[in-house]
Amino acid sequence: MKKVKQLLQADLSSVIVPIIVIFAILAATSEGFLSSYNMYSVLQSVPIFVIVGLAQMVVLSLGQMNLAVGSIGVLSSVVFGIAMQKWGLPTVVCIIAACGAGLLQGYLQGIMVTKSGINPFIISLALLSLYKGLALVITSGQPFSQLSEGFKTFGNIKVLNLFPATIFVAVLVGVTMFIVIRYRKLGKKLLACGSNGVAAVYSGVNYDKTVIAGHCLSGVLCAVAAILQVSRFGSVQLSIGDDWMLTSFVVPVLGGTLLSGGKVNVIGTFLGGFLMVLINNAIVLWGVSSYATNAAVGIILLLAYEVDRMRKKMMTNQAKNAVEKEG
Amino acid sequence: MSEYILELESITKIFPGVKALDDVSFKIKKGEIHALVGENGAGKSTLINIISGVFEPTKGQVKVDGRPEKITNPGKAFDLGIGVVHQERNLIDTFNVAENICFMDVSTGKSKLIDKEAMKQKAVKDMERVGLDLDPGQGIEELTSGKKQMLEIARAMCMDSKVLLLDEPTASISLTEADQLLKTVKQLREEGVSIIYISHKLEEIFEIADSITVIRDGKNVGQTLPASSLDKDKLIELMVGRKHVIETYANREFESAPVVLEADEISSKKNTIPKSFYLKKGEILGWYGLVGAGRTEFAREIIGIDPVRKGTLKVKGQEVKIGSYEEAFQKYKICYISENRKEEGLFLQHSITDNIGIIALKEICSRGGFISYKKQDEITEKYKKSLSIKAKDIFVETASLSGGNQQKICIAKGLCVNPEIMIIDEPTVGIDVNTKGEIHSLIYELSNQGISVIVISSDMGELVQLADRIIVFKDHEIKGELENNKDYGSMSTKVMGSILL
Amino acid sequence: MDFKKIRKSNGFSVSLIIICMIAVMCIIKRNYLSADNISALLKVLAVTSLVGSSQMISIASGGMNVSIGSTGAMSAIFCGLLMQNAGLPVPAAIFIGLLTGAGCGVINGLLIYRNGGVGVASFLTTLATNSVFTGIIYMITTGHGVSKIPASFVAIGNTKLGAIPTSMIVMLVILILIYLLFRYTGWGKQILAFGANPKSAELYGISRFRTIMRVNILASVIAAVAGMMVVMRVGTAQPDIGSDWMLQSFAAPLIGGTRQAGGKVNVFGVILGAFVLTIIQNALVHLGVDVYWTELINGVVIIVIMALDRLRSMKK
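Chains as they are written, first to last, in UniProt numbering: chain A, 1 to 327; chain B, 1 to 501; chain C, 1 to 316.
Just so you know, the hints here were simulated from the structure itself, not pulled from any lab data.
No residue lacks a Cβ here, since even glycine has one placed at the ideal position from N, Cα and C.
Hints are not guaranteed to be accurate.
As the list claims (entries may be wrong) - Lysine-lysine pairs mimicking BS3-like chemistry, simulated, CA-CA at most 27 Å apart: (1) 310(B) <-> 331(B); (2) 392(B) <-> 313(A); (3) 264(C) <-> 115(A).
As the list claims (entries may be wrong) - A partial selection of chain A residues facing chain C, derived with a Cβ cut-off under 7 Å: (4) 130; (5) 134; (6) 136; (7) 246; (8) 289; (9) 301.
Given only the sequences and the hints, what does the whole structure look like? Please build it.
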């Protein structure tokens, strides 16, 4: 029991251990799992899960939620599609435009959360509808498929016959986020606001600015995830982001991010994304009804909650012991 | 049948971070007013919470009417006939007056169906008893805090309680309301109700109490005594009882010292009463007043959270306008340390070093804006040593530390900005005696280094020992200014005098 | 009640919006107020009102519930399957449907309590159970709807008394019961007190566990009724029932004047709120606007009405 506790205490182990276990079981039970084709498809899904998870993680670090991750993703990808197909702009410009759109959407959400006084949850929920609706209205539901060939192939390049190119983008984003959270002022401020907003103000942090910055960052990450998704499919589909909401919460929580705010783990989120993909893969390989994925993700979130709760309990126990020792 | 309605035997309660009660026992006779006195943080409210079933004691037992009872939840307490008015306001904002008064019938599940008319009648009757004259159908959001307090007392009384617990019922109400309240309490005693009365106001205690139990630092001080055997000085001695434990610091001379902070008739949108004072370099200025006397609010005006609207504020002789707290500590080197360490001071899930890092962001950033954790840890280690913060290392979560050490981290956070003026709000609330002494000597040392300190406290003993000068607050106004002669007896008479004026 | 008070009330302004919308529609479309359209409108209104009142109960207790849709779908599917495959009589099937709802409520309640009770905890917990319920529904149905629904079942909600469909009456009865619950019973007051101030409520003996369980069971049973009512309206039980309820469920009570932070409800306001949403949907269909606009307009309407509400409370 003590060992289990120690394992839980080390944040990352709660992701790494399941990854190893599932990996081992899959390798042992299904032949196709280790095939380079399957590994490639697993690794191709990882970037999107990870980046969506990071987008939610940034907002969770503030102690808030971003329900609109999927909608920001889809609207950004529509901007991308218009820029590329209608206006024929170069790929780099399109990417910048899409990220800009993500930033703008995040900014709007941040402004409304801090300045309007309306319940942040309701704002996020309304924007979820609004952004998605805007994407549908602009496109009338039509996908964009005449994208530049180079961009389409990028999403399906194989490096060393195993790694998709997109995974390197994910690693790059992950490293950047790690640096932002750990080594930049913004990261410290985000965590301070999430941990204790009043104390942050008394420590000279501008609360509103920090919250807005957090939402902006989250918006940009959603856009990046959407662009990767587009390059993988080779077209802008309006279903992008439909199933992101639940995933976006599960991934960071699996990786040791506290739901109550103030504590995040970028590496854990990265691994959490990987774990999610493995679980999805397991369901496919075992031939369980694909509908079971939904149920599985839900159960994982509930389990993650349980782990979260145990961590908190241990924290209070530590505090209690500290008093008894002193007394 | 027992002679005592309520008996507490060897109650101990440990919270994460603090041992609030240590082996406390006392008994309450039927139909008496039993005063429970002690300083802030002595553990009175914890006791109330144990009797009313909010907390379960770590050790010890409670007897009601001679029978041992486990009061596991507030509903159980009501069933046993224990009514309570907590120190914080606990009204339901969205309910009207009548619904709030009859709230316990609902909350305990006694009335399954609501009879509006009966409720209104009951509310009117109960309000009459405490001298309230409100429309039972009106909302409560716009009521004054005094009215709300009386409403809560009416609520506690409408239960047919055998024991009534009143925790600081007069802390935020006017004198006439307080008189009415004391009358009602006496009336209830005539009706055979036993009352546990907690108050800071010793006059009240001597006016109504039959017997007195003193609690200090979570422990009993001697036996329960009849009120007639005590006088004010004796009681204070029992309450404070530690003049010899905590050092009283010598008087200092500030005749020639420059004035660093001067407020002239300043007021803000929230508090329009003009207030003036000055603070000299290296001086410790005490702000005395009861909870809700407007001290913290005044501090917020100075540090720019509720910006000054009228009057002039001068820092080192220069007139300034402080619009935000950032400006206050970055430009004018004024720092404020909140009274709520947990709610407003610390990031509890973060380590000590991260707590310090957030306020020292400027110092720990290297070129290019990257944070140097080496520098952050160096700074933290420095404060850990100089303030002798007791912790395994600087990477433990602050939630796991004791109250005293948490307070030291708050002070360290304040010191990070190299302040010239520090405002420390209730520096020793909920902190044990030894650490209290340490924090006092720390504050004194800081003032010797030339930092001017304002200590806000409702603990008279603390200010007498520590401050060079004391300003007295009441009802959001400065009521007087006293040179501190470091003698508790004469100082407390003077302070009380200026409050009553 | 003097006119001034009424004029300032939330219900008045929302009613005004509704009247304006209907007036505009009447001008644009001559036969807008035809009996057919009215009854179609009312049938949708009945479901939306129930969905909204289910969420209202959760909001009143300081929580939220995003699994309303899957709860509704689950009851509808169970009820439908039992009638189609097992030939269960209609009353028994309805009872099973309600029981399914109650079961979902118990699961939600237990998990929400365990995860901390109010606010964010209730959102994430129900988000997870929503996904689990949806997964179960699709696994059972493999994505196909239940189409052989007995006519007597459909008739319960689809019969018309004049222009008023019976589902409307069912909805009104349930809303009146909810109104009585919040206005005249200790239970209702306990829920409201807990929603307004959980800490004080617990200090004075309201059980956190019991309140959360009651709220969730009640909300889920109402969601179950809404789910079955959709089956009565459409004639088949599809697994995607309720997939678009999330936004509506929050919008209807909040437009209707229920306090966002909990502790205060406006039961009949929910109908007004649902009316606004239903008319928008209906109008978009009549005007031949792309369905794509629905979501956008819903989002805008909620933000605008919430902002107006905020402005009004600031003026006070």
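Hints versus structure:
Pair hint residue 310(B) plus residue 331(B) holds up; C-alpha atoms about 21 Å apart against a cutoff of 27 Å. Between residue 392(B) and residue 313(A) the alpha-carbon distance is near 20 Å, which keeps this suggested pair within the 27 Å criterion. With a CA separation close to 24 Å, the supplied pair residue 264(C) and residue 115(A) stays within the 27 Å bound. Because the smallest distance between the Cβ of residue 130(A) and any Cβ of chain C comes to about 3 Å, under 7 Å, the interface hint for this residue holds.
With a least beta-carbon distance of about 6 Å to chain C, the hint placing residue 134(A) at the interface is held under the 7 Å criterion. Satisfaction of the interface hint for residue 136(A) is found here, the shortest Cβ-Cβ separation to chain C being roughly 4 Å, below the 7 Å cut-off. For residue 246(A), the interface hint holds, the least distance from its beta-carbon to any beta-carbon of chain C being 5 Å, beneath 7 Å. Because the smallest distance between the Cβ of residue 289(A) and any Cβ of chain C comes to about 5 Å, under 7 Å, the interface hint for this residue holds.
Look at residue 301(A): its Cβ gets to within about 4 Å of chain C, closer than 7 Å, so that hint holds up.
Violated hints are absent here; each numbered hint is respected by the structure.
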